[in-house]
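> Residue numbers (this note's numbering), protein chains in the order written: chain A, 1 to 204; chain B, 1 to 306; chain C, 1 to 641; chain D, 1 to 288.
Please note: incorrect hints may appear among the correct ones.
Stated by the list, open to error - Just so you have them, the derived chain C footprint on chain B, three or more residues with Cβ under 8 Å: (1) 5-11; (2) 33-45; (3) 54-68; (4) 117-128; (5) 171-183; (6) 200-207.
Hint data in this document are derived by calculation from the structure and do not stem from the laboratory.
These numbers were taken from a predicted model, which means no experiment stands behind them.
Glycine included, every Cβ here is placed at the ideal spot set by N, Cα and C.
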Amino acid sequence: MTPAPRFTGDLAHLPTHGFGHRSLTWWGIIGFMLIEGGFFALTIAAYFYLMSQEHSWPPPPFRPPNLIAGTLFTLVILLSELPNTVIKRAAEQGRLREVRKLMLVMVGIGLVLLVIRGFEFNSLNVLWYDNAYGSIVWALLVLHTTHILTDWGDTVVLGGLMHTRHGIEARRFIDVSENSLYWRFVWLAWLPIYFLIYWLPRLA
Amino acid sequence: HGRQVMLGAAGRDGSMFANLWLVFLIVTLVFYALVLIGLVWAILRRREGGEPATRTGLLVWVGVISVTLAGLSIASWLVDRNMNRAPFTGLTVEITGHQWWWDVRYTSADPSQTLRTSNQLHLPAGMPVRVILKSADVIHSFWIPNISGKQDLIPGRTNDIVITPEKVGLYRSQCAEYCGLEHAHMAFDVTVEPLADFEKWWAQGLLPARAPVTPLQKAGYAYVTTRECSTCHNIAGTPATGQVAPDLTHLASRLSLGAGTYPMNSGHLAAWVADPQSAKPGNKMPVIGLEPDQLNAVVSYLESLK
Amino acid sequence: MTELDPDLARDGPELTGVELDRRLTAAWRRQPGLIGWLSTTDHKEIGKRYIVTAFVFLALAGVLGLVMRAQLARPESGLITADRYNQIFTMHGTTMMFLFAVPVMEAMAIYVIPLMLGTRNMTFARLNAFSYWMYLFGGTMLWVAFVLNTGPDAGWFSYTPLSGPEYAPGKRVDIWAQMITFTEVSGLAAAVVMATTILKQRAPGMTLAKMPIFAWSMLVVALMIIFALPAVALDSGMLLSDRLVGTHFFNPYEGGDALLWQHLFWFFGHPEVYIIFLPATGFISELVATFSRRPVFAYPAVVVSLCATGLLAFGLWVHHMFATGLPRLGFAFYTAASLTVSIPTGVQIFCWIATIWLGRPQFRVPMLWVIGFIVTFVIGGLTGVMLASVPLDLQLHDTYFVVAHFHYVLIGGAVFPLLGAVTYWFPKATGRMMSEALGKLSFAVTFVGFHLTFFPMHITGMMGMPRRVYTYPAGMGWGTLNMISSIGAAILAFGVLLFVINIILSFRAGRVAGANPWEAAGLEWATTSPPPVYNFPHLPAVASRTPLWDEGEGLPVTTGLRVDDRELLSVTIIDAIPSVREPSPKPTIWPLLSAIAIGVTFVWSIFTPWALVFGLVPSAIALTIWFWPKNPDVPPEPEID
Amino acid sequence: MRHLAPLIALLWAAPAAAHGGHGDGIGWTLDASVTVPLLLTAVLYAIGIGRLLARAGRGRGALVRGAWLYAAGWLVLAGALVSPLHEAGERSFTFHMIEHELLMLPAALLLVAARPGPALLWGLPRPLRQLFGSAARLPFWRRLCEPITATAIQAVIIWAWHMPGPFDLALDHEGWHVVQHLCFVFGALLFWWSMLNRTTETLAAVCLFATSMIGGALGALMALSASPWYSAYAAMGMTPFGLSPAEDQQLAGLIMWIPGGLFHLCAALWFLGRWLTRKEGRDVVAAE
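If we strip away everything but chain A, and leave its shape as in the complex, we get (with noise of 0.2 Å):
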């Protein structure tokens, strides 16, 4: 026979849904960048680990890459900070509107950025099967192109939901919110790899 329970506190009052730390989505987005970021992490220090083993880098005769794609890369994925930090502040505010019409945005975004990117495969003046610069140079370019692709499919899925009847769902805020958060991850983490990939065999 079990006594009956002690109530201390009642629940009722609290919120369903809560932004950034008090999101659980929001803490689920922190440790996937943290994985991803350890990937990153891990890749750039492969890339200084074999350019400490060569004498000169690029390893002749290969050039550095072109800097046009990569430098226009670099300024587009920059501007788009500026939409994402309205659709970021709109989700919180539960602007519907906005949100759909800066979604639509931030698609486009992502494909000129793709498109980009294709040049950028183009402009690197080596091949990964050239030799391991060539290797983790394509790595580093790969990985990075994975991250604008998941987040670009997700901003796709996330842009439609928010079109339908689940869009006026608070969650879905929430869930704009983070895709907003998990773009400037997308896009810190390129910066250190535009330099690397860019500017570290121009200065070595």
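Since chain A is already given, all that's left is putting chains B, C and D on it; use the hints.
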């Protein structure tokens, strides 16, 4: 027994290892005893009575561990700064690891004095030897437990280790890094001998192979130096000049066959030549398919290569 | 109790007891039948599946161990060929490390942690299910390949270039590397679920500083997995691309480096050992406390030690590489740094012994495993001290001494505590006690068998026997010792078999256990055995580290979660102040279907890289449907008065 | 490792050598660009703490403790910059690394733990004091001191200055060298200030762990590199202590990696331990 043991102390590093080992063994045994005493006491103690000063105990324990670890680090450092540091005497051996045999070159400033052999090492007692380690394929590890610790042979890199054998004797070395199918059969014999004997051995090693004497040997010579064997194997002073397989110039003077796999005798030699793939599966020597009389001749010739 | 409002949607004084059970069960149960079984998101079901699967892999890898011992019992034994032996030891190591040791610890935690924390399910319940399926598929792929004679044969750490395209043609190593990908995806998903559950779903009042030590150990382990596993995933990814698309990461003749593999592998591999060992120390802390009838001595010291071990693990990878020709200048640094790990471990050992000292120990079966653990593990730890010293390691490395060392650490240090923990939580999961007599017998036989198997290996190693040799010549003096080890292995296997028999018998006819058969202090003992599908009728609230001892029967509870829908409580991460009522996802088949789509893609990609492109479509579709919100079939949020 | 003993002997001998007047010996660095700012901070602090102590009532104990910490930190800082260590660092990367580690770890930590802000302000004449006082209250500083920001800033400073280009610049031009040291000291002060004052103990432990990994990765890369990264050291040939440039860099990397990493790890554990002990026994209301 005892040809491949760590506490054999037949070399400079080996002796230092034995001493350091003893230090670590005693210290760890003391700590193990402390833990066991603590555990037994904790279980058996009578429960009445005051609480001991456990918190202080923890601090003391951490202090004791830390001081001991510092001591062990220093002991370890004192040994490793002396390891591998014997004064250079000019004797250099270059060893290249292959799947699954050892190519050995005693180098000399005078190229005509450079001696190539395989799967054996002769070392002068009491003299530091610099061993240069390379690999032709995968990672192997060079290790003569009685004499010193290991050093890996890594493709694309050159490692080196200085070993100083001290006690005259016969030792064994075995590859210590897993290197594929026949990793278990990648060993070699190490003969540590007085300097004079060593020099004699070197001088003999430089001589070309003995000429065949009996008709059977001559038939074998004819086969070995003109047919498949000669494309891979080298026999100095004969037309057989292949470089990709073990050197056979003084094959019969070695103690073992197939990189430490079998003792050297005519039975094993015959079995090897007849079907190397069942003697040591996966090695790079193809099955030639000799007729019985050819086999006899080849074995007879190889046996004469003292 | 007066008449109930049928629409009452929250638990509370008005809604409790049988009626509450009925409504919560309706909200939390899954569909019956096969589809329901495949769709479940209940952490208890997933945890049990995980545990059973991991033990199956243990048995398989154990059989391989026995085959190896049979081969090595005599010199020049021709029982199995070199090729088969090399596959067998690779499979033994790979299975034990990747498919048994790490998953089983996660599995135990998946079952126990939500109960310990006082919550109804884990966060991201579907991801949890997905993690299990990926693990199952990866392990199955590896074993199917092995049965088809395509088992990997390059050792469990697959050193390049032996595992590279030139020296390992065929698909064997690809299978190994792709199995790594499966277990990485699975392990990382489980780690995120674990970390977020521990950080966000504790009972109100269970601050981090009041959390059970096992939860602490799993938090540290989850974070370690998050930091360490990407290294091996990247490494195996590079290996696969070297093998399949012609990159040169590990090819020294094209600017790559064979040692890069080892650096990345051990950057993962060293923490891996602690990923296995730390949950075991968590078990020990729980068991020692329960059976000494007092809280673990010096909780802060134990927790700091756990964290210290986890943190230090990331700086020590090179001590697996002393013989590779690293700069000799570093040797003293590496020795000193490697030795520092013994400080936190020493602290934990002290605290456990002090707990026994200060408490009133009861020698039930789990406690015997604890004592077996201390007696055994400390030997492994001390041989680890020897191996940390560079001059000693250069001799002992890659010999049977090392084999002995890591079996002492992994079996003595992790499997013994695991078996103790299984005995301990068995009544919670099944409602029945395991047999004490059979338990004592299996402990004794396992303990003796273990030491008989592995102690002689120290000496075999000192006598110069390298590891990973499929045979050895007579006349080396290794024969007798190897024979003893082989006999010991048979006894050890018999001991484990007794344990399994005990489980089966007790599952059918064990003594019925109450909610708290060991009179333990943790929240997992506050609910019935086995727990209801929703774990707790009312979420418990805690005010101390040992709630059941301090509150007795009258554990305080909170109210207010919905009973007509799945709802969990989120708290603040440090102080565990309730902050959000989070909806919890319903069971669905889509994690399984996603795992199938992704798994097929992975396996296919061994044969053509285009599989990654073709497989993207079904995988993306499955994931999209998984995440697509469903029609709400529950009424919207009820009013709060 | 056998090289360490002569190194230490040499350190002891160095001042004597300098006094002995050997032209190329390793002596004290008494350059005005270093000594004047150092002395200035000492004098400022001394004046300020004097003024504060004169006014202090009950807070005297804390002030005195702060003064001791500041003195210790200042001595380590001055010792690293002025003692023969600095000149030894011109010849050997290892010594340069030891100097940097001293600046960024014990010196910065001690200076921050001393909470020298008020004393330094009070050392200034009144108008300057007000000016600096209001500058110190700018929200900009608060942003900078956010734990994650401060960790990232320090990480970027460390990695950027160890790239071959910038590091060679600092070795070639004394002016850039001063800038480099200022960056290191500033980054470390910001970081430790943030850890001690601007964050919870748990987050501090996380940031310290991250920093130990970030610094450790750089150190490990140096320690495992087969060739020297910096042309100025590479051009030197053997260091005066018998190490080749590659070995010198390996030793430097090891110092950054292992003792440097352990320092941060121990700090992380200290925060964690303090937090757990503080929390022990304190009950939080079960539910709001």
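> If a hint holds in the structure, say so; if it does not, say that too.
Status of each hint after checking the structure:
no.	hint	verdict
1	5-11	holds (count 3)
2	33-45	holds (count 8)
3	54-68	holds (count 8)
4	117-128	violated (count 0)
5	171-183	holds (count 11)
6	200-207	violated (count 0)
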